[in-house]
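Starting from the given sequences, assemble the full structure and let the hints guide the process.
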Amino acid sequence: MSVRTLRIDGRDLAVPEGTTLLQAAREAGIAIPTLCHLEGLSPVAACRLCLVEIEGTDKLLPACITPASEGMVVQTATPRLQDIRRTVVELLFTEGNHVCAICVANGHCELQDLAVTTGMDHSRLPYRFPARRVDLSHPFFGLDHNRCILCTRCVRVCDEVEGAHVWDVGWRGEHCRIIAGLDEPWGAVDACTNCGKCVQVCPTGALFHKGDTTAEKHDEPAQLQALVHARHHQQWNP
Amino acid sequence: MSGILRVCTAAGCAGCGGSALREQLGAVIAAATTGDPASGLALKGVGCLGPCGEGALLELESASGRRLFGGITPEGVAAVAASLANLSPGTDLGTWAPPAARPIDLEQPFFRLQKRLVLEHCGRIDPESLAEALAAGSYGQLRRVLQENRPEAVIEQVRRSGLRGRGGGGYPTGLKWATVARMPGPEKVVVCNADEGDPGAFMDRSVLEGDPHRLLEGMAIAAWAVGASRGFIYVRAEYPMAIAHLRTAIAQAEDQGLLGAAIAGSAFGFQLELRVGAGAFVCGEETALIHSIEGQRGVPRPRPPYPAEVGVFGLPTLINNVETFASVPPLLAIGAEAYAAIGTTNSGGTKVFSLTGDVRLAGVLEVPMGTPIATIVETMGGGAPDGHAIKAVQTGGPSGGCVPANRLDTPVDYESLQELGSIMGSGGMVVMDDSTSMVDVACFFMAFCREESCGKCIPCRSGTVQLHLLLQKHLAGEADAADLAQLESLCHMVKDTSLCGLGQSAPKPVLSTLRHFRGDYLALLRPEPEATPEPVP
Amino acid sequence: MSSGTGPSSSATSSRKVRLATVWLAGCSGCHMSFLDLDEWLLELAELAEIVYSPVGSDVKTYPEGVDVCLVEGGVANADNLELLHQVRTRTRVLISFGDCAITANIPGMRNMLHGADPVLRKAYLELADGSGQLPHAPGIVPELLERVLPVHELVPVELYLPGCPPSAARIRAALEPLLQGGWPELSGADLIRFG
Ligand SMILES: Cc1cc2nc3c(=O)[nH]c(=O)nc-3n(C[C@H](O)[C@H](O)[C@H](O)COP(=O)(O)O)c2cc1C
Ligand code: SF4
Ligand code: SF4
Ligand code: SF4
Ligand code: SF4
Ligand code: FES
Ligand code: FES
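Residue numbers (numbering that gives the first Met the number 0), protein chains in the order written: chain A, 0 to 237; chain B, 0 to 536; chain C, 0 to 194.
Among these hints, one or two may not hold up.
Just some of the chain C residues that point at chain A, by a computed CB distance under 10 Å [to be verified]: (1) GLY28; (2) GLU45; (3) VAL54; (4) ASP57; (5) VAL154; (6) VAL156; (7) LEU160; (8) ARG192; (9) PHE193.
Quick caveat, the hints were computed from the structure, so don't treat them as lab data.
Nothing here was measured: the structure is a model prediction, and the numbers come from that model.
C-beta atoms are modelled at their ideal positions from N, C-alpha and C, and glycine is treated no differently.
Written as structure tokens, this is what we have:
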């Protein structure tokens, strides 16, 4: 195993080749905010929260997919990056309809938490109040598009782990929407095995168990990670 | 009487009388019997002749030379045909003046200052005839390089020519070819990016419609040089004529052993397929284009890996623009050194531009790299019409910026334009006169990017909407200094954080107009509201 | 873009801080939470004079020269708007108080219907049982604005106190420094979480 040495926020680290900057930072106890990234799913680098500064390049690079390379000098929390992250959170809040007080995920929501960690106590950009729908056609689960941040975790988990590929992204730009099947009501899509994995990984209150009411939803990515780990190593007994 | 009549039937002219003109003149010639003046004339529908703004266009070529007529309207077509039919016997084509048509001086700078390499045959030959293309020299370079059998020498020629990607980025083409050639593995792919989606850009279209064989030859040479056996042309659905001409050309070339297996008797085979896009600007971005060819949703992915490493179906892939490939046969014909000598030190060769907007003579033209913008828009294009002055020239479309009037001496090369905060782009050049509000221009392009954002990453998906709303607020006179500051900082945020080139360059038209025309923005700001009262003691 | 940082000091020790609270389009929950300050309210009364408040004063017009004002609620109708502008011109430190003031929150949900008229129709015609009449009483019933807006989209705001409602502890964390002439630093889940 070959090793890469690098410096993150002034700390010298040595990591195995192929380690991403995010993994390296986390191992060293340096928190970089993420949203689209989820251990166990393929990376998409879409939310841009994990962008970091690297000495020698003007480009900001996403820590979740950038491999650590020898001699890299990385900054993860400069004022510039902090302002960018706050703006990302503002863009996410203003493009949907987030009423935390009455949300299933209130208190356990990754987006809500990010508002706190980025100091987003109000949005400097105006709220857009889009007209979005709620899909309650599935017998066990619901999808509230108002709270969807298009992280595509549900799309990936259903495709890559469950193998059902119920979800996809329809339309483009501001019209993007998570769609079930060929843009059908979720409950009408036969491919869904009712496994609930998409609900487990959804970072917000967009996907939820029908029984859950305000503040009762917790996302449970650990179950996914255990499953992916077990499959990868063919170890089924903990 | 002998001579050639050329009617521009490319998309710019076809709709405004070109097609009808070709049809009716064809009928006259077909009906002519021996001895009639019209007998013995050859009629050709050709690709773009250049001054598209003057269509429909008719070019007459006879022993006494070439003459060009424009301004023929759909209504005037019948009169032109009747006049041809009724020419008195013995008339020389050189003296015929088609009625209701305006002579266009072929000696004027628009034509004289061009250096047509890519467009060498465009407007001269019938694009649907392989025989004419062959007669004009097409596939000669392909045959020659196959015979010489030294692919690395071809790549070296391309490298030394200084040719850079004409799709906008300006990446050195020789270097890209060399990278793909070096990639291991038996299977590689060559892709032509013919998605030309910038508003105001139609250079690639003129090549596709007017001389498709030139592109096919360029692609086949590239495929051979890098070791690829499969190729795709990704062309936008909005170009039906280009698609038709490409289909015809591919079938003809396959038929003649110039594409397909064992090309020109060699061991080299190259299967070329057409893929038609579904009208998304972002599919011009190379990774989105790859996904689209694969039948997936056309959204970009982060690079690296670059297409040269992981491209179509995971294979090493060479992606170049239409004009880049089409530059290759002429480059090889005149030699790398001669080609490089045409342009500037860092930008070799020629560049095709589509000149539109507030300019007297609009159309497609090809000039040496390094030609000053003023030469193109003032000298060749005739400047702004009636009493107006040029305020700015927009290059690079929604990914580019504006060059202000006082900087029109800037030469068109990649670095000079970048220094000014614009880009060469793919070659759209929109002239704006002094009646233009630059905030309007910026708002137009932002609306475009907002609509064309694929929605994958948040800065672009949502940032372009907020930027568009902010620009509209300015135009409505409702913005204050804080809004202007927010506009500027959000522009930087979107530019610095977006995943692909679309989002990264979407703010450029705003930033460039803010840089050169800040006054246009300031003039729209509403007066500051009364300040909050000073605290009571 | 810079977030609101207000005046560094808001009161002099020589006199009581003139404190107001205002209730726009909100459920009054934020004010209830304010009352949850319980015994600290007594301390507050030592440091501040409540010059206007639906829960602490009988004054009907918003006075001049207010030092600190907690504004609860989004801006939903003409009356809200008028009062807000009064508050702004007569107040030094305007605190956007609770999620409705900061995000439009629950009252803002009507914005998804895009316009006052569709909202009135939905409420009084489509979903009403029988009466079927749009309310219209100029001068008595305030006109709805087309959209419910957060306070800071209409006037400058010095401090934000998110929460639905912000807890009493959170309110105290914001007010206490202000009353003692300092400026609160609000961060962390206990102090600035929405919801
Ligand atoms: C949003 C976007 C749209 C693009 N559209 C085109 C296009 O229509 N045609 C093109 O040749 N290149 C386009 N490009 C550039 C391509 O990604 C790629 O760089 C180019 O095709 C490479 O060819 P070249 O090296 O010959 O220029 C686009 C890039 C972006 C980011
Ligand atoms: S999804 Fe999260 S941010 Fe959105 S309303 Fe629910 S708790 Fe709030
Ligand atoms: S419940 Fe399982 S199968 Fe159904 S959509 Fe979610 S992840 Fe896919
Ligand atoms: S439904 Fe949840 S997991 Fe799926 S894209 Fe939306 S926020 Fe992400
Ligand atoms: S920058 Fe825009 S077009 Fe590119 S990936 Fe992001 S959303 Fe899609
Ligand atoms: S976590 Fe890296 S881009 Fe989303
Ligand atoms: S399209 Fe006819 S001259 Fe260009």
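(request) Go through the numbered hints given earlier and state which of them the structure violates, listing their numbers in rising order. (result) Checked against the structure, the hints that fail are numbers 2, 3, 4, 5, while the rest are satisfied.
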